[in-house]
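*Asks:* In this text, residue positions in the sequence shown follow our numbering: the first is 6, and each later residue adds one.
No wet-lab data here; the hints were simulated from the structure.
Check before you lean on any hint, since a few could be wrong.
[As the list claims (entries may be wrong)] Simulated crosslink set (DSS-like; lysine-lysine; CA at most 27 Å straight-line):
1) K274 / K183
2) K219 / K174
3) K183 / K126
4) K174 / K256
5) K30 / K126
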Amino acid sequence: MAAKKNIKRNTSSKGGKRKQVKLLKPWSSLSWWRRAWRVLWMMLAAIWLLSVLTVVVYRFVNPPLTPLMIQRFFQQYSDRERNVHFERDYVSISKISPNLVDAVVYSEDGLFMYHGGFDYKQIRISYEENKKGNRIRGGSTISQQTAKNAFLPHTRSMLRKALEAYFTKLIEIFWGKKRIMEVYLNIIEFGDGIYGCEAASQHYFGHSAATLTKREAAQLAVCLPAPLRMNPDHRGPFYDRQTLIVMDRLKWGRVDLDMPRNKRREGAKRHNFETFGDLMMYFVFGKKKDK
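Take the sequences, apply the hints, and build the full model.
*Replies:* Laid out in C-alpha cells, this is it:
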C-alpha cells in the first residue's frame with residue numbers, strides 16, 4: 006500500500022555515499038587572498054561579538070576604567086603643571102539625588118526620555134550654528150555622551166563618531182534609560198581627575214550625591230560641557246548665570262526614569278521628532294523634509 010511506503014530523501018551522490026557539505030574550505034586549499042579575506046572577516050566578527058558582549062556585561066557591571074580616564078592620566082603625567090589626580094566612587098542610581106538627574110537632563114538633553122539615542126533636530130541646529138561661525142555647539146544626547154565616555158577615547162574623527170553612533174544604539178537596546186543615566190552619572194568627568202557624581206559631590210561639597218541640593222545639582226550639571234575649565238572650584242559670571250537657568254528649569258518637574266514605553270512613544274509623537282531621513286534630506290538638499 007502507498008501509505009506504508011517509506012519515502013527517503015537524501016543528498017546521496019554516485020555510489021550511494023552521502024554528500025558532505027562543507028561550510029569552509031580547508032585552509033591549505035585557499036589562495037593567499039582568500040586566506041586574507043577569511044582572516045579579515047573573522048577578525049571583524051570577533052570585534053563585533055566583543056563589543057556586544059562588553060555592552061551586555063556593562064548592563065550589570067560598572068566599567069572599571071574608561072578610555073577618557075586613561076587618556077587624562079597620561080595627560081596629567083606628561084604635564085608638569087598638573088598633578089596626577091584620580092577620584093571615583095560608583096553608586097547606584099537609588100543613591101543619587103533626583104535633583105541631579107533632573108539637572109543634567111534639563112541642562113544636557115531635555116528630550117532624553119523620548120528619543121531613541123539621537124536628537125536629529127539638535128544635530129541639525131548645531132551644524133547650522135557651527136557652520137555660521139557661532140560658538141561651537143554640540144548636538145550629543147546623554148546616550149551619545151555615555152557611549153563615548155564608556156567605550157571610546159576623546160578624539161575628533163569621523164570614525165569615532167561612527168563608533169559612537171554604533172555604541173549608542175547598543176546601549177539603548179541593552180541598557181535602557183535608567184541604566185544609561187546611572188552609568189553616565191558614574192563615569193562622566195566633573196573636573197580634572199574627578200569622575201562620577203559621588204566623587205564630585207564629596208570633592209566640591211563634602212557630602213554624598215544622595216543629598217545634593219538643587220543649587221549643587223545645577224552647579225554640577227553646568228560644568229559638564231567643559232569640566233576642566235568650568236566647575237564649582239572655577240566659577241565665573243557665565244557659570245553662575247547658567248546655574249540659575251538650570252535651577253529655574255528644575256521647576257518643570259521630576260524626570261521619570263521608569264517611564265513606561267507607551268508613554269515614551271506618546272511623548273515622542275507629541276514632540277514631533279525629526280527623523281534620520283529628515284537629517285539626510287537636509288544635508289543633501291539643504292532643507293528640511295516636508296512633513
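*Asks:* Each hint should be assessed against the structure and marked as holding or not.
*Replies:* Here's how the hints hold up against the structure:
no.: 1; hint: K274 / K183; in the structure: holds, 21 Å
no.: 2; hint: K219 / K174; in the structure: violated, 31 Å
no.: 3; hint: K183 / K126; in the structure: holds, 23 Å
no.: 4; hint: K174 / K256; in the structure: violated, 31 Å
no.: 5; hint: K30 / K126; in the structure: violated, 49 Å
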